[in-house]
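These are the residues of each chain, in order.
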Amino acid sequence: MTFDFFEGAAGTGKTHNLVGHAGKLVQDGALGEGHKLLALTFMNGARRRLGARLGENLAFRRRFDCQTFDVFARTLAARRRSLITPAMQAQAAALNEFDGPCALAAALLENEVVRKWLARSFPLVLVDEAQDLDDHRMRILQGLSQSCRIVAAADAFQCLHDGRDIEPLINWLRGAGRTHPLTQTHRTNQQGLLAAALAVREGRDVKTVLTARTAQNGTTWNGAGFRLLEAPATQRNTGLLAWAIANDISQRQSSVVILTPDARNAIIRAALNTVQTRRWPRNNGATFGPYPHTWDRHDDEEADALLADVVLPQNASCADLLALLTPLAGHAAIAQTISRMDRLRRAHGQVAFTAAQVTEFVRDSVRNRSRLGFRQQRGHLAMTIQRAKNREFPNVIVLWPHTATGDAAYLRRLLYNGITRAQIHCTVIVLGQNRLQSPPFAP
Amino acid sequence: MHIVRLTISGFRGVRSADIKLGRHTVLVGPNNSGKTTVIEALALLLGRDRLVRRLTEHDFYGSAPDETARILCVATVTGFTPNDPDHHSSWFSPERGVDKWFDPNNKTLSVAADAQHTDLAVQIGFAARFDLDELEAETVRFFVDDEATLGDPFAEDAHLRTIHTKALQEFGFFLVPASRTWDRWISFSSELFRRVVATRGDMPAQAVRAERQRLWTPPEGARLEDQPGLSEIVEAANDELHALMASAPRLQLRLTATDSNSLLESVVPHFVQGTGPTLPSQRQGTGIVSLQSLLLLMQFGKARAETGQSFVLAVEEPELHIQPSQQKRLVNRLNALCNQTIVTTHSPIVAAIFPAAETLFIETREGALSAKPLINAVPAQPTNHQQHLLYAWRQKLVAALIHECVLIPEGVSDVAWIEALQTALEQHQGWDSGQANTPLLSTFVGIVPTIDAKIADTFALVSAVHARPCILVDGDNDGRGYFDAVKGGNPPPRCVVFWPQDWAMEHVVSWIAGADEAAMLAALGTTLGTVLADRQALTAHLLTQKSYAPTHESAAVTLMANAACQARTAQLLNALCDVLRDPANANTPLFARIPADSTAAMHVFRFVPPQ
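The listed protein sequences correspond, in order, to chains A and B. The first sequence begins at 314 in our numbering and counts up one residue at a time. The second sequence begins at 180 in our numbering and counts up one residue at a time.
Think of the hints as simulated: they come from the structure by calculation, not from any bench. Note that this is a predicted model, so its numbers are computed, not measured. Warning: the hint list may mix true and false statements.
[Stated by the list, open to error] If we take Cβ atoms under 10 Å as the criterion, some of the chain A residues that face chain B in the derived model are:
| id | residue |
| --- | --- |
| 1 | Lys-349 |
| 2 | Leu-351 |
| 3 | Phe-355 |
| 4 | Arg-387 |
| 5 | Leu-396 |
| 6 | Pro-399 |
| 7 | Ser-434 |
| 8 | Asp-447 |
| 9 | Met-451 |
| 10 | His-499 |
| 11 | Arg-658 |
Backbone N, C-alpha and C define an ideal beta-carbon position, used for all residues, glycine too.
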């Protein structure tokens, strides 16, 4: 079985090359009748985006199946459950709800029968962001590689798991077949943006590749497509940070995404709230702001917000819950919850539901809808750097608080990931003062 | 491919069933025993959608399905060629089913191949629930990944892969139901006929188009609307239309809807015999039509076999309308052409064509359907007598087993006498015969022929198949001995009947004659060509004729011409029938319970002739 591994830094077109190479294999006949490409990702967002990307390639029209590792593993473990031994079960039971099924799937894939069974539908498997493979998911890919052709891409520097030793993984990927090193950056041609990202990656002082400019508000370091500044900010005074954010947004031509390693940071939360509503004057009499934006929220938060105004009884009949929830049925997730309860009543005779059950149904529904890509967002987006993985935006503002912690290598990876999400411009705003002499900004 | 095992739950009268099927299996059993349920469960699993769409409340066990009621059928299918899942990706893949391995000897299934589990297999399921809001059934056909942990197929977290019609076409299941409208088979309204034409022949498109054209625009002078008698009516209608509608449409009459399809659907098969007239099939005897139609079905099977496709046929009552000589030939042809045949029958002749191990007796009690083979393939080593029953007397054996109760008498003459008396009595029944004179014995009790008093052998064979075996023995020490030989069986005979002390069947016949002794002695004397001084003489004479069938028949006919003897015989046979059918609650002065010999599972009686 062939194994093609694409390795390169952010913006070198890993995904582009990965999909292109798989497309070529398909055109050369890698998929027979009834076969599909199996594309595995880590998160649902990435799954959706990769699915859209594969859908654009004519070679894959209706001939791919894009799944997260978790769903793939859960389905495999359920369908081949008759081959699960008590030892496998015991091993999985010690793990969490996501890693457990992955461990089971990995163990099942040690069986040649299972590997061949999978290859009968999926002779070709694609994995992007392979640097994020943990031990269980690596074993899944290793199993698959014995019966399927694999195309994978990774950049060791983009692994955002603090403290994980990914050297064995990268060594395996490099040794598993043919490695295609990618060196040309395609995401942007903004030289300042490229130079800053490279300096962070290489652990140099970022400021050395930028030009310092001092004005009344303080010093900024600039390059083409890149800006670095400090914003003094405390719990009590977040106004200056808010102004810095709004001012930066006002200078961009298109939408801006705000990234931070810590979405719970109180100072950042407060400053962004101000950005939502406040209008600032300029010296020439013009104004800028407000800039509405939405947090790219965790699914459960969204679900709980939907139910915020409803008092769910501890235990209620289907009819009572229907009366309670029908006014909210304009929200698709609530409508789905109602029809799910109705089905449980009709197909299983369940006549009463607890508050916890209903909440879980709404959460499931929100999750499923976001999995299928039904969620809508208005205005600018704010999210964590982890959530932004593998995504590209025209303009990015990275807010770097004191609460970003970890060893130097981890902080550099985080910052590098934030900066490299930008296609046109990135501004890094460091909260506080005198932090630019230490990692991730300097050696 | 063929089905090796079928489980059913919650379907019609069957709460649960687990049936192992051979390559050519015949299902026998009394009416309402569940034969048709088995066949239709196969159709739900493997057939086309028509049957599935008409599921109603009555198709659910108990006829009153609640939210959690389910019909669930699972079939294990094997016989893949080649025997390797890699060659059958339409059955074994993440989008389809899971490969399992079948042991053809012990009929067990394993998740992995080993020395015994050598045959690749797949399990497919059918489930239905009834929606009380929509008042219709929801159904699903799916691959069964793990039967032991299948759970509810309608559960939210069931990871089911549904079965595509393409896979079912590959399997090629075809059902010939008992209610068949034969004359419509060779016609384009028949799905089967169209499929046969599509696979074996070619659509006669040109002829159809030409005929369509001719019917669409009939030649001048041949048009119906121009014919005298019709033309005036048509003209009048045209005038009306003219006044009503601006476009002034004109009425024309055509023999079909003038498209190809309606032309094809109006094709009616005709048959001509010898130099006789051509007659439509509904004017023919049903036999010829049945036969021709089944031959058509075989053409279809042949076409599939030639292209390496499988063909599995389920036929209900192939004996319908077909004379016995043809039945055998027909069934043999079916078995030769199909990968698997599953046949239901009421005919001992048809049943006897199948191997004993694949002759399944179907019986349903309190919802539990059992399917027991006439003999187990392993480990059975039948005794000489059992072999005789199984091979020489197969038809009689099967005919007896189809009844609700099975009676094993001590010898051949008992069988002969009971049958002769019963037949003669039935022949004398008039409209005015009351219920008491209606012998029910033949309806409910099947009698297994026994030779040389091999009761134990016969009983062992019968009790393995039938849940209600009974024995009838003489009132002497030998009879007692036969009883002792079987009473320890598991299960024991359900009912045991002794004739009175030192009585045999012949004493019973004399007792019947005693109903009108003087007249009967004279009449029988004439019939049998010997002078009979008294009942003892009659008994003694009959005992010399034990294996002479003409004596049984002529004596029975003579006796049953007499009203008093008729009444006595009816009384005896009906009492016997009651005792055998429901021995626990039997209440008849003719048979006295012997408490010393009876147990909860075995009821022992002695015949007490009223004086």
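Okay, the hints, checked on the actual structure:
Interface hint status for Lys-349(A): upheld, as the beta-carbon distance to the closest one in chain B is roughly 8 Å, under 10 Å. Given the 10 Å rule on beta carbons, the hint for Leu-351(A) holds: about 9 Å separates it from the nearest Cβ of chain B. Interface restraint check for Phe-355(A): the shortest CB-CB distance to chain B comes to about 20 Å, outside 10 Å, so the restraint is violated. Hint on Arg-387(A) holds. Least Cβ distance to chain B is approximately 8 Å, under the 10 Å limit.
Checking Leu-396(A) against chain B by beta carbon gives a least distance of about 6 Å; that is within 10 Å, so the hint holds. Here the hint on Pro-399(A) is broken, as its CB sits about 14 Å from the closest CB of chain B, past 10 Å. Among the interface hints, the one on Ser-434(A) holds; its C-beta lies about 4 Å from the nearest C-beta in chain B, closer than the 10 Å criterion. Taking 10 Å as the C-beta cut-off, the interface hint given for Asp-447(A) is violated, the closest approach to chain B being about 23 Å.
With a least beta-carbon distance of about 21 Å to chain B, the hint placing Met-451(A) at the interface is violated under the 10 Å criterion. Interface hint at His-499(A): violated, since its Cβ lies 35 Å from the closest Cβ of chain B, which is beyond the 10 Å cut-off. Annotation: interface hint on Arg-658(A) holds; nearest CB of chain B at approximately 7 Å, less than 10 Å.
Checked against the numbered hints above, the structure violates hints 3, 6, 8, 9 and 10; every other hint is satisfied.
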